[in-house]
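There are 2 protein chains.
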Amino acid sequence: MSDTIQLKSRSGGRAARVALRSAPLAEDKRPVRAGMPGGRLKVLTDAEVLRIHHAALDALEQIGLSQAPQSGIEIMTRAGAILGDDGRLRFPRALVEDMLAKAARDITLFGRDPKYDLHLTGTNVHFGTAGAAVHIVDLATNTYRDSTAQDLFDAARITHHLDNVHFFQRAMVCRDVLDNLEMDLNTIYACCSGTTKHVGTSFSDPSHVAPGFDMIHRIAGGEAAWRARPFISNSNCFVVPPMKFAEESCMAMESCIRGGMPVLLLSAGQAGATAPAPIALAIVQAVAECLAGVVYVNAMAPGHPAIFGTWPFVSDLRTGAMSGGSAEQALLTAGCAQMHHFYGLPGGAAAGISDSKLPDMQAGWEQGITNVLAGLSGLNMVYESVGMHASLLGFCLESLVLGDDILGQVMRCVRGIDVTEHSTSIEAMKAVCLDGAGHYLGSDQTLQLMQTEYIYPMLGNRMSPKEWAEADRPMLLDKAIARKNAIMAKAGRQIDPAIDAAIRADYRIYFE
Amino acid sequence: MSDTIQLKSRSGGRAARVALRSAPLAEDKRPVRAGMPGGRLKVLTDAEVLRIHHAALDALEQIGLSQAPQSGIEIMTRAGAILGDDGRLRFPRALVEDMLAKAARDITLFGRDPKYDLHLTGTNVHFGTAGAAVHIVDLATNTYRDSTAQDLFDAARITHHLDNVHFFQRAMVCRDVLDNLEMDLNTIYACCSGTTKHVGTSFSDPSHVAPGFDMIHRIAGGEAAWRARPFISNSNCFVVPPMKFAEESCMAMESCIRGGMPVLLLSAGQAGATAPAPIALAIVQAVAECLAGVVYVNAMAPGHPAIFGTWPFVSDLRTGAMSGGSAEQALLTAGCAQMHHFYGLPGGAAAGISDSKLPDMQAGWEQGITNVLAGLSGLNMVYESVGMHASLLGFCLESLVLGDDILGQVMRCVRGIDVTEHSTSIEAMKAVCLDGAGHYLGSDQTLQLMQTEYIYPMLGNRMSPKEWAEADRPMLLDKAIARKNAIMAKAGRQIDPAIDAAIRADYRIYFE
Chain A
1300 MSDTIQLKSR
1310 SGGRAARVAL
1320 RSAPLAEDKR
1330 PVRAGMPGGR
1340 LKVLTDAEVL
1350 RIHHAALDAL
1360 EQIGLSQAPQ
1370 SGIEIMTRAG
1380 AILGDDGRLR
1390 FPRALVEDML
1400 AKAARDITLF
1410 GRDPKYDLHL
1420 TGTNVHFGTA
1430 GAAVHIVDLA
1440 TNTYRDSTAQ
1450 DLFDAARITH
1460 HLDNVHFFQR
1470 AMVCRDVLDN
1480 LEMDLNTIYA
1490 CCSGTTKHVG
1500 TSFSDPSHVA
1510 PGFDMIHRIA
1520 GGEAAWRARP
1530 FISNSNCFVV
1540 PPMKFAEESC
1550 MAMESCIRGG
1560 MPVLLLSAGQ
1570 AGATAPAPIA
1580 LAIVQAVAEC
1590 LAGVVYVNAM
1600 APGHPAIFGT
1610 WPFVSDLRTG
1620 AMSGGSAEQA
1630 LLTAGCAQMH
1640 HFYGLPGGAA
1650 AGISDSKLPD
1660 MQAGWEQGIT
1670 NVLAGLSGLN
1680 MVYESVGMHA
1690 SLLGFCLESL
1700 VLGDDILGQV
1710 MRCVRGIDVT
1720 EHSTSIEAMK
1730 AVCLDGAGHY
1740 LGSDQTLQLM
1750 QTEYIYPMLG
1760 NRMSPKEWAE
1770 ADRPMLLDKA
1780 IARKNAIMAK
1790 AGRQIDPAID
1800 AAIRADYRIY
1810 FE
Chain B
1300 MSDTIQLKSR
1310 SGGRAARVAL
1320 RSAPLAEDKR
1330 PVRAGMPGGR
1340 LKVLTDAEVL
1350 RIHHAALDAL
1360 EQIGLSQAPQ
1370 SGIEIMTRAG
1380 AILGDDGRLR
1390 FPRALVEDML
1400 AKAARDITLF
1410 GRDPKYDLHL
1420 TGTNVHFGTA
1430 GAAVHIVDLA
1440 TNTYRDSTAQ
1450 DLFDAARITH
1460 HLDNVHFFQR
1470 AMVCRDVLDN
1480 LEMDLNTIYA
1490 CCSGTTKHVG
1500 TSFSDPSHVA
1510 PGFDMIHRIA
1520 GGEAAWRARP
1530 FISNSNCFVV
1540 PPMKFAEESC
1550 MAMESCIRGG
1560 MPVLLLSAGQ
1570 AGATAPAPIA
1580 LAIVQAVAEC
1590 LAGVVYVNAM
1600 APGHPAIFGT
1610 WPFVSDLRTG
1620 AMSGGSAEQA
1630 LLTAGCAQMH
1640 HFYGLPGGAA
1650 AGISDSKLPD
1660 MQAGWEQGIT
1670 NVLAGLSGLN
1680 MVYESVGMHA
1690 SLLGFCLESL
1700 VLGDDILGQV
1710 MRCVRGIDVT
1720 EHSTSIEAMK
1730 AVCLDGAGHY
1740 LGSDQTLQLM
1750 QTEYIYPMLG
1760 NRMSPKEWAE
1770 ADRPMLLDKA
1780 IARKNAIMAK
1790 AGRQIDPAID
1800 AAIRADYRIY
1810 FE
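Heads up: the protein sequence lines correspond to chains A and B, in order.
Using the numbering used here, the letters of the first sequence map in sequence onto residues 1300 to 1811.
Using the numbering used here, the letters of the second sequence map in sequence onto residues 1300 to 1811.
Chain A extracted, bound-state conformation (with noise of 0.2 Å):
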């Protein structure tokens, strides 16, 4: 382009400026890391989120919730629900600002490396994988397969070793397991095993959350050690929208909460097909059930850790299909995420998730702006950010390791623009423009805001076109498959040996 300078690299200063980078940075010297503040989007008005957040508390009071268990019609009506002939628990305005004022805030999620903790507090920013594929993407023949705790086990031990994925939500359904308490016990195990980052996990019925402790008790080194630092958290679609409580997992909810264990209060409908098709209703309704779900924690037991998990989703309305990667998706995303705030809860809902079978193009895209707007609306948890295609159905291994690129840039978007007295100051122009060398390449500032105030890519591909034709056009999924492997054969098992040999010994375990 005539517009623009293409600089020749000039070798010698530019095997320095490698080798600078190549240095390790300490941790409050790199440029983004885990918990920075986002929010300078705000996709409502604040007239808008009163708008919003009056809707639903009219929601509550008028339409309700069916299907609580009896446990929860007991724990909601004592605290002043109201219990319908019709079966539908309706929850007064003032009952909903009570609890709302019991509810906890600024929690944090434990690792069980402190390193990893995540304070959820304010826009405090934090990306992560979530559940739950079925299948997972084999790129050698760009064919799905079913997933297994094999699987689950990698990407969990992977994730451990990307620098730009918070915490691990289990993120595949460990389908080689066919007892589904089995299931549960090594899902739990696979996380822990791969990872010492903070796990979200679930539990397929309420009877496996007292086995579920006894294995995480065991991992933790005892039930006092678990409750000090708790670093699982269970994910729990407490509702089945519209508007109705699941049974089974508020029962799961009620022991987990028992156990010392923080919810993720989960309302996951699809925006014109279990959610209104108006993005603003379906936050209405994602708001009026995640308020009923804090009405129900804080009702059993005040201040109990929860997540206000409004994920909804949206539907393709051709076809009634999940659509992950839309931009109706980001906006949905991004206005729950400014309620989140409006309350003054933690809260958390699902960006990065592509349609695309593969990380293609498409996959970049709808990554790259649902995680972005996310980042940016300072949404405290951002699950199914990385991994995660065909609408949530496979998870990718290789697009695991590519989404850890995607979502350092998405950072370095949410840390913003630095502007200070000394940023702007016009100083370092005139050194340059009045008495130096006429470009500010080489210049003190310039090497000292290298590694600070600017993000490599690990995988993606700045070379000139000569020089990747020099290099022999290196593809990027090639990369991906290299990283991938690199990391698993130096990433090891995030358990004591002993402990681990104990629990195998144990219990029947499905992966290596």
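Treat the hints with care, as some may be off.
Since the list can't tell identical chains apart, any single copy or any two copies may satisfy a pair.
To be verified - Quick list of in silico lysine to aspartate or glutamate cross-link-like pairs, EDC-like style, CA-CA up to 20 Å: (1) Lys-1414 - Glu-1481; (2) Lys-1765 - Asp-1437; (3) Lys-1414 - Asp-1327; (4) Lys-1729 - Glu-1360; (5) Lys-1729 - Asp-1385.
Calculated directly from the structure, the hints in this document are not laboratory data.
Position chain B against the provided structure of chain A, taking the given hints into account.
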């Protein structure tokens, strides 16, 4: 995923919905269209905008710009600029403020077809191409070859048929045209032959402007018709950052202004190379340079339409090479858009550039993230938004077609969430939850919103893994090639045949 619901497609309803979707929509019902207002993202606070503004004024007063042509020195000193002993023109604050008061606002960039007119006001967003790649990407062989006049014409006529690409600035250099005047004339003619959307061009020498206008007047049907609706703007690199005028480009600009052509005041520094490394200071420098351009234009021709073209690029500071797809680039462009709004001037900047050599996942995330930040920031003219690879060195026709899908998603994000009494009314929830089917599929509201609120990708694939396997695993790039070929097969020439014959008789035209 157990957390969501995959709805079975119901073939009757689905067929009806697919048919409904296939009917053409009235322009005002389309879910997205050119010029929708953005601005919900503010990467800078008001105080930060002011800080950058004041630093830019300081730079103009204290550093100024060197190397203005004699004509420019006369124009600007007559208005109040001060020529120093060091040959630099310096600009007192009062002069800048006076010229800002005279500058054109709320301008229209005309298409040859009025339906493509672009109204540059407020935060209205338009996406288009820009230049200038020197290669075209051949997807059949994954290689780069020199771009030609035929390639440029092909890109223009494809753009003519893409809903979400709103203007066509010359995307490639016609490298098969060795004579520079012939090249400039073929550039104009290839663009205008391909599309009646607004065109951007550039002159490689001031002496080419007059013969360029001769041709343009013939395309327009005379000078009066041209001046009534100038449908070409001149992309004018009037500065060579840092803080130097580009003499020849300034002289070409003066000629364009006399000929009634809108000008893009293009400042294309590279942060860390020809612009400062701090993002904020790179914006300061670009703003200072463009304010000098505003003085220049309005001292010469008060109110002449000019686009405030702060286009700071990013260097990969390890190598000095340009990185167009980075998060830092997205932030630079978003910050510039806010400066345009501060001045109330029509503005443009670059987004959508990929550093990847191919339309792969990297290209998807780079184009998606940078374009969506530009759109959400309310940038009037998003240049380089589609088709551009290898950090501006390569253009790809298939990527152009894929980018149309990306820009559709981006514009849907720009449009935002409709929050009204109607769109948040819980009556639709009552109907479904208390009286109805228990889901929203096929409800009146859903069907009404299907076409007007949701945008569907042309190439993006939303099949389930099963459907995809049954369809023999369609690949995205194959679909892009097919759509490109289908458009090329139907795309005619957008020049009256008699005028075309006459022009071809008088000029050597290098494309068919």
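Verification of the hints:
1. Lys-1414 - Glu-1481: Intra 31 Å, inter 63 Å, cutoff 20 Å: neither.
2. Lys-1765 - Asp-1437: between (32 Å within a copy, 15 Å between copies)
3. Lys-1414 - Asp-1327: Classified as within; 12 Å inside a copy, 52 Å across copies.
4. Lys-1729 - Glu-1360: For Lys-1729 and Glu-1360, only the inter-copy Cα distance (11 Å) is at most 20 Å; the intra-copy one is 65 Å.
5. Lys-1729 - Asp-1385: between (76 Å within a copy, 13 Å between copies)
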